[in-house]
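Protein chains: 2
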Amino acid sequence: MLNSKYHTQAPTSKMSSEQNQTTTIPIENFKYSKRVVLKSILSRGDKGLGLVGQRVVVGGWVKSKREKKMKKDQGSKVGSFEVGDETRSNVGCCEAILARIRMLRSVGRLILGRDGEVERKEEDHRPCVVLLKINDGSCVDNLQVVIDSSMSLLSEVMSTGTSILVEGVLEQPLIQGKHKIELKAEKIIHVGVVDLKKYPLAKTRISLESLKAYSHLRPRTTTVASITRIRNTLTYATHTFFHNNGFIYVHMPVITTTDIGASSNMFQVTTLLNKTEDATNLNPTNDRENLSLEVIKSSIKEKSNNIEELKRSESNREVLLAALLDLQKANELALQIEGKQSESKINKTELNHVKDFFSRPAYLSVSAGLYLESYACALSSVYTFGPIFRAEKSQSMKQLAEMWMVEVELAFAELEDAMNCAEDFLKFIIYAVLNDCSDDMKFIAKRIDKDCIDRIQSIGSNAFARITYTEAVELLNKVTEKTFQQNIEWGINLSEEHESYLADEVYKQPVIIYDYPKEVKPFYVHVKEDGKTCSAFDIIAPRVGVLVRGSQKEENIDKISTRVGELGLPREQYDWYLDIRRHGTVKHSGFSVGFENVVMFVTGLDDIKDTIPFPRSYVSASI
Amino acid sequence: MLNSKYHTQAPTSKMSSEQNQTTTIPIENFKYSKRVVLKSILSRGDKGLGLVGQRVVVGGWVKSKREKKMKKDQGSKVGSFEVGDETRSNVGCCEAILARIRMLRSVGRLILGRDGEVERKEEDHRPCVVLLKINDGSCVDNLQVVIDSSMSLLSEVMSTGTSILVEGVLEQPLIQGKHKIELKAEKIIHVGVVDLKKYPLAKTRISLESLKAYSHLRPRTTTVASITRIRNTLTYATHTFFHNNGFIYVHMPVITTTDIGASSNMFQVTTLLNKTEDATNLNPTNDRENLSLEVIKSSIKEKSNNIEELKRSESNREVLLAALLDLQKANELALQIEGKQSESKINKTELNHVKDFFSRPAYLSVSAGLYLESYACALSSVYTFGPIFRAEKSQSMKQLAEMWMVEVELAFAELEDAMNCAEDFLKFIIYAVLNDCSDDMKFIAKRIDKDCIDRIQSIGSNAFARITYTEAVELLNKVTEKTFQQNIEWGINLSEEHESYLADEVYKQPVIIYDYPKEVKPFYVHVKEDGKTCSAFDIIAPRVGVLVRGSQKEENIDKISTRVGELGLPREQYDWYLDIRRHGTVKHSGFSVGFENVVMFVTGLDDIKDTIPFPRSYVSASI
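Chains A and S supply the protein sequences, listed in that same order. First residue of the first sequence: 1, per the UniProt record's numbering; consecutive thereafter. First residue of the second sequence: 1, per the UniProt record's numbering; consecutive thereafter.
Simulated from the structure, these hints should not be mistaken for lab results. Incorrect hints may appear among the rest.
Chain copies aren't distinguished; within one or between two, either way the pair holds.
No more than 20 Å apart at the CA atoms, straight line, and that leaves these computed lysine-lysine pairs for PhoX-like [claimed, not checked]:
| no. | residue 1 | residue 2 |
| --- | --- | --- |
| 1 | K427 | K482 |
| 2 | K427 | K31 |
| 3 | K180 | K133 |
| 4 | K442 | K178 |
| 5 | K31 | K329 |
| 6 | K303 | K559 |
| 7 | K198 | K559 |
| 8 | K303 | K329 |
| 9 | K329 | K297 |
| 10 | K34 | K297 |
| 11 | K329 | K301 |
| 12 | K184 | K355 |
| 13 | K355 | K68 |
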């Protein structure tokens, strides 16, 4: 049956197979835009060579332009020009302006449809083509677009930053350079000009530092675009890793009413300061005081009126005197009360949180970790990935007020499980960058950190070093070739210089340090049988320091309850947290990863703030 | 070469293939926990039947328990018991207590290693087994664990909510029920008891409403666990859809200093109210006024001292009188200034934002849309997925203060592109739920909304209806079988009842309504050539109303600048936004999707707040 069916259809099949032999499959437009994404041309294995002859529409922003004069005898045939006879947009101001005048005239000629006198005088000038490099943000590579000087709209596309939507045919460049393919433009569909006087990206090389005030335009630089693509890959790999391992992603609340004992480092969230809210939100004075002040003031008014009466009536001076002395007492009392009130207003400024949105003080979460435990103790393997907030005026520019954090919690899991998971996770997402962002990483290696590819390659291939805190202290105490600013002894936390020494100098790769003294870790960490150390670990990476903090949580209700007491934490705020141990407790472990640190580790960036969206709202430093 | 290699290895290959014939591949532990995840047993195609005979460790929380008495002659052979001769944990209080006493005695016997008098008296009681249903949150299904009454720790695992880590062998139940497989326990490794007096989930059926105060324990209910898994699938599918289509994910800032003209609906973020901050943050009075008040007060003090002096010295009454009158004037002035100041304090409560963390007022973002445009106009296809915040005291309980939102922006794209993308996106993520969460959806259909599966199946198979706003108004005006509370006429926005009528009654599926009057849409929407309508669209879904809002943005600098002026927006705050049109502008379009609405649409939940983490920090209503 099947065979006979095939036979019936044979002529059709043959026809289509013949078609396949002679024509290439046309490259498809991006599904949600009437253009071909540049990545689908430039990031093919053949760098686009297999697409020669195809008609496409592409869009992008001009990254650079060159002009090439053509040989006289070749007329307007684009693609054949004299080698070396070219003008770059940044070779010289005068030359560029002259070129632009010619362009404008060509355009004028086209638009007006006549050859004016001026044009005729210049007719002996050879025609030229303009070579634009355009980029649409989908990849590092630019597509070269060749535009004949006779085309309309040409003058407008000459500046860096101009947007262009252009139709044309993909061709091999006559002179094979870095690029295997270029687009011979046939129709300029759209141009978005640049206001050169105001455009901060007009120059070819600009420092990120100088773009502080232009964070909305920064993604147009190749550096920020590359870092954004790398971060995107790290993010998707994060979700893929946890999805593949059966973790459930929980969106954790950003606004919290649990003051985790660090309120001085927390942002408060309030509607009390809104302009439209009424005056009574601020309630610094107490009502009884207000009342007595009102009484005194009205009595002062009465007494004052009385005195005016006495003065007018020229009555007994003694009566007036007595009245005045009486008034003075009242005035003194009133001033006294007012002084007290204004003092309390300024010193206390206690807010009436009953009128606040959540009817109590609310904060931006510094970590979803505690909440996540409640999900782990129900769904077993969970993670969250969202913003966390620290209102710290940090000296280090690494610290942002708003950061993204991956937090992971595993039920029925001990410290080693969490360490294994954290190591696998880091390797997985770093491998994804090597795999999916090789061009971006090559660009980063050229511009930011030449070692970045080697560094992350070595991460993927080696197991992380693992040492206990005690071993780390012993090792650091034996160091003779370097003096640390701070001495290290058992019981105190490792400082950045110690951590950096271990990761950058000793191991030259990430190090997992575990079993810290219980005093240097939070109250919820499981204390080991020795009573001194606890089941916590940090992963320290070269260049960036702490990448991961993790721990096995204390699962015993009595032990954790004691710890809450010892540290004087507000027990009523932690009662829900203790419930997790009160009912069906299990061993559980987890870790958190500061995502900005991962991006800095991968790219070698020293400072992330100039590469993320709208740092004005992020960074503690004044901008 | 290859062949000879195969030949060399043949014997080994044969051996391993023989092994495969006789033994099943042992099921592996979850990589980061020394146990097998229940999903990997219960969600197999064969429901675990192929795993019979395997020894595994499993963990989970007890969902329910039954006791079965065994036939006398069968001793302790687990798995053979009298049908029907069972006690359920919730059949009756007395019976359960009696059963527990027996358990305790059995345990006591085991621990003490002797048969006491009491036990001997009851020796004629038949032994029983306990059947626990346990769940680890990885799937809806529970695993039945059979525990012999002779096992130690038995009494402790008898309550709902207890956690248990148990080793045993997977067997087929003697009586085939719903489950194809059960675990015969051999060793209880860990038990986490429940404090029954305080455990709110002890009953079998509990309304989500009643668990308001126990949001940290809610994920242990099957309903919340299922919804969390469905949301997880929707989330991962979201990232997968955009990843597959080449979009770049950008983490957008939550804290913003752009007051988008809706500050009364925005939360303010501040460190001014922190306890540790000093008093000078609040700066209600102006320094000059303070100064003159100080001068007057010190003169009052001087005058008062002078008067005391005059009184003591019994000097001329006239002099005293004059002094008193002078003092009175000073007092009046002081009171006047103080009164003015305290009024301004109370009425304005202006904060000294120079001392605030960001040196200016800062808010929680209500949408990342505007920022995202700056990324689209550089990287072409971008999206973000993060929390947004609305400080609205909404009547509808659907509205949360904190929501997750997907926002998408496409450069070189027009309205229709965005509509196509939004429709494909919704279909993709809904298809993922049908595919990956079929058991969860069956459970939701049983407990929450029996139509949920049909509804989302029909979404996937049909193209969404598409009508213009004008057509929608015409259609609604022709409706005779229903009277709307609000009349509809061209130019006013559709209300919820209109939208609901179109989606629930007319189309019975999502409807895309587009080309709205420009007045009902934001300033940034592209106004069409007719000057009246604009390129905006909404997707209205049955049950939940608006699922998606989208638009083509105005790309022309002059037009958008005029709109900013017309609407009286603070131009200096939008200058960066206009820059996107000033430099290299392109047509761009996008949309936003409220993620909670998607979850409600898929699950049929009327109210989401009882199913998400820690609603106390989310919801505007007082809890």
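Hints versus structure:
no. : hint           : in the structure
1   : K427 with K482 : neither (31 Å within a copy, 61 Å between copies)
2   : K427 with K31  : between (33 Å within a copy, 15 Å between copies)
3   : K180 with K133 : within (14 Å within a copy, 64 Å between copies)
4   : K442 with K178 : within (15 Å within a copy, 57 Å between copies)
5   : K31 with K329  : neither (84 Å within a copy, 81 Å between copies)
6   : K303 with K559 : neither (67 Å within a copy, 66 Å between copies)
7   : K198 with K559 : between (64 Å within a copy, 19 Å between copies)
8   : K303 with K329 : both (11 Å within a copy, 13 Å between copies)
9   : K329 with K297 : both (12 Å within a copy, 15 Å between copies)
10  : K34 with K297  : neither (76 Å within a copy, 76 Å between copies)
11  : K329 with K301 : both (13 Å within a copy, 13 Å between copies)
12  : K184 with K355 : neither (66 Å within a copy, 58 Å between copies)
13  : K355 with K68  : neither (70 Å within a copy, 57 Å between copies)
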